[in-house]
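Line by line, the protein sequences are chains A and B.
Quick note on numbering: my numbering labels position 104 of the first sequence as 104, and the sequence is numbered without any gaps.
Each number in my numbering comes from the position in the second sequence (counting from 1) with 1000 added on.
One should not assume that every hint holds.
Unchecked claim - Below, a list of computed lysine-lysine pairs in the DSS-like style, where the Cα atoms sit at most 30 Å apart:
#1 A:LYS63 with B:LYS1076
#2 A:LYS32 with A:LYS110
#3 B:LYS1044 with A:LYS63
#4 B:LYS1076 with A:LYS34
#5 A:LYS56 with A:LYS34
#6 B:LYS1078 with A:LYS133
#7 A:LYS498 with A:LYS110
#8 B:LYS1049 with A:LYS65
#9 B:LYS1044 with A:LYS24
#10 A:LYS65 with B:LYS1085
#11 A:LYS34 with B:LYS1085
#12 B:LYS1041 with B:LYS1008
#13 A:LYS363 with A:LYS212
#14 A:LYS477 with A:LYS498
#15 A:LYS388 with A:LYS192
#16 A:LYS65 with B:LYS1056
#17 A:LYS76 with B:LYS1069
#18 B:LYS1041 with A:LYS24
#19 B:LYS1082 with A:LYS56
#20 A:LYS179 with A:LYS149
#21 A:LYS24 with A:LYS56
#22 A:LYS110 with A:LYS149
#23 B:LYS1085 with A:LYS79
#24 B:LYS1078 with A:LYS73
#25 A:LYS465 with A:LYS212
#26 B:LYS1078 with A:LYS116
#27 A:LYS32 with B:LYS1085
#28 A:LYS362 with A:LYS179
#29 B:LYS1041 with B:LYS1069
#30 A:LYS313 with A:LYS264
#31 A:LYS133 with B:LYS1076
#32 B:LYS1049 with A:LYS73
Source of the hints: derived by calculation from the structure; they are not laboratory data.
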Amino acid sequence: MKCNYILDTNIILDYMLDRVDSNKNIYTIFTKLKNNFYLSSSQIHNIEYIFIHERKKEIGLEKSKEEWMAFIKNIKITKTPSYVDINDALFLQDSEDYLIELSAKVIDAKIITRNKNFLNNSELTISVDEFLKTDENKKASPIPFLDLKSINMQYFNEYEKAFDDVIRSGWYIQGTQVKAFEQEFADYCETKHCIGVANGLDALTLIIKAYKEMGVMQIGDEVIVPANTYIASILAISENGLTPVLVEPDIQTYNIDPALIEAKITEKTKAIMAVHLYGQVAAMNEINTIAKQHNLKVIEDSAQAHGAIYNGKRTGNLGNASGFSFYPGKNLGALGDGGAITTNDDQLAEIVRALGNYGSHKKYENKYQGVNSRLDEIQAAFLRVKLKQLDNEIQKRREIAGVYLENINNENIMLPYVNDQQAHVWHLFVIRTKNRDELQKYLLGNGIQTMIHYPISAHNQNAYKSWCEQSFPTTEKLQNEVLSLPISPVINVNEVKKIASGVNEYQKRCILK
Amino acid sequence: MQLEAIRKGNQFIIPELTELNLDVDKIMITISDETINKSKKIIKSTTYKSLEQLNKDLGGDEFLELKLKNMPKNFKHKEYSKTDKEIWYEARRDKYEM
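Can you make the complete structure from the sequences, with help from the hints?
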């Protein structure tokens, strides 16, 4: 992980006013930083005043202001918190330095300064010489499976504004932020409706519950679902008193094998749940064709595939209804739990909305026996910030996946199969190998954290112990062989190449043994 | 009238104007600013060159490009006798008319 830096006012003024006599290394600092530094919002006015005051002597007021604007518009600014401790030693010594230090704490930054007092009084400061001696690449830091902090730090300023807006609104449940997010996400998915709910499991559960209210499904009915999925897909069905009917995956895509669906359809079957596992869209053409032939509903589990495009349509718009999760680690992740349902079905949308709100479509009138499952205003506000960048982040994930695909080169490793680039948003990058556990240990020993999605399939879980007699060999093969490598919009290419080398190197050792 | 002055080593020679019978001891020649500026060789200062290099290293920075445009090529920073706090105070005093 790269270190963040805040530049003290003296350093930034050395640069802006070319004070090479005060700081001989000033340009070297900026060459090394590559414009990757922050200023505390508390510094801005001071820098502006001093810069304009001095620069206008050289080039006049107008040109000085032009230079200031060219500078400030490209600078990353971090907030100055309002929680000031007036008894802090640094505050008592120099409140300006204290405020910069407070900003540095927000983003885990070091402060580069040539102010001796500041250097002596704050542990977060480093001198110019110390900074120039640091070597970012010298000490290889461990690579986490998912660096959620870095992902979210990208949006810190916008989150801060969103947070302020929500607090100031005085409205924290089902307010303007949720309404706006629902509209924006429906527009993104190109569906008529989006209904925010508390989490991804609730999204799927409420879709089935709504179908029950509509008379489309009833207790005891069956829903086809992949055996190779996260348990939430299955829980949503059993929670409603319906029976999950598990179908084996396609060994290439790991998604439900459409060729095996029809054999599992009975007169009780009412729906197929299509899970877009790891971010790759399931075989929706085949699934929709089967569903049409047997008059079944198609429910998408899109928890891992926000934004994927299949035949020109996005997930969320590929079946009758779709459940999304905004769990923090998801491609579109909140800062807590969150979920949504998308659909083009007006009646379903209306019932789902009521069911998530105690079964109430009108205040203090309860049409259904509902639950409390609503997306919070604050999460909706944060999600609106991230939704704007979702396509960019997907693109970064595709680039990272491309680096893995290009650099992992070993016959003992099975790389993920990609049917169509647009139809994969790389929530996870999952490889397969017979020596999975050893490889995982080896990578961990080399500072690379990996995960298994998923180590125990639903039919082997205690929660569904009555299914333990059932056999799903392909699912079991996958549960023993899959390994998820780190992938995210913030992981860098060098880290990915290091992981790829680790995977290649380990396999060589295996062969030599 | 135009006179032709010919360079010879370190001197310019003007031919004697016999046909005009001018009763003068001196002739003043005016050289335009344009001619002077064209001929003047401006040596880029170390600061200017360093900024050019930094701008190149950063792949073209909006602030640096504007600064280079506004800066004389032979720019040399004048050493400050005031501290940042003094300059800051002066700037604030101007703003708030203290």
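- Query: Do the alpha carbons of LYS1049 of chain B and LYS65 of chain A lie within 30 Å of each other, as the hint requires?
  - Reply: Holds, because 24 Å separates the two Cα atoms, which is no more than 30 Å.
query: Can the restraint linking LYS24 of chain A and LYS56 of chain A be considered satisfied, given a maximum Cα separation of 30 Å?
result: The hint holds at about 23 Å.
Agreement of LYS1078 of chain B and LYS133 of chain A with the hint, judged by alpha carbon distance not exceeding 30 Å: holds (29 Å)
CA of LYS388 of chain A to CA of LYS192 of chain A, is that 30 Å or under? holds (19 Å)
(request) Compare the distance between the alpha carbons of LYS1076 of chain B and LYS34 of chain A with 30 Å, and conclude whether the hinted pair is satisfied. (result) Holds: LYS1076 of chain B and LYS34 of chain A sit about 24 Å apart, inside 30 Å.
message: Can you confirm whether the C-alpha distance between LYS179 of chain A and LYS149 of chain A stays at or below 30 Å?
response: holds (27 Å)
Between LYS465 of chain A and LYS212 of chain A, does the CA-CA distance stay at or below 30 Å?
-> With Cα atoms ~26 Å apart, LYS465 of chain A and LYS212 of chain A stay inside 30 Å; holds.
Could you grab the alpha-carbon distance between LYS34 of chain A and LYS1085 of chain B and see if it respects the 30 Å cut-off? holds (28 Å)
Exercise. Sort out whether LYS212 of chain A lies within 30 Å of LYS363 of chain A, counting only the CA atoms.
Key: holds (23 Å)
Proposed proximity, LYS1085 of chain B with LYS32 of chain A (alpha carbon, max 30 Å): holds (27 Å)
- prompt: Straight-line Cα separation of LYS1085 of chain B and LYS79 of chain A no greater than 30 Å?
  reply: Given pair LYS1085 of chain B, LYS79 of chain A holds - Cα atoms ~23 Å apart, limit 30 Å.
### Message
Next pair to validate is LYS32 of chain A with LYS110 of chain A; report whether the Cα-Cα distance is within 30 Å.
### Response
Holds: LYS32 of chain A and LYS110 of chain A sit about 15 Å apart, inside 30 Å.
Hint compliance for this structure: every hint is met.
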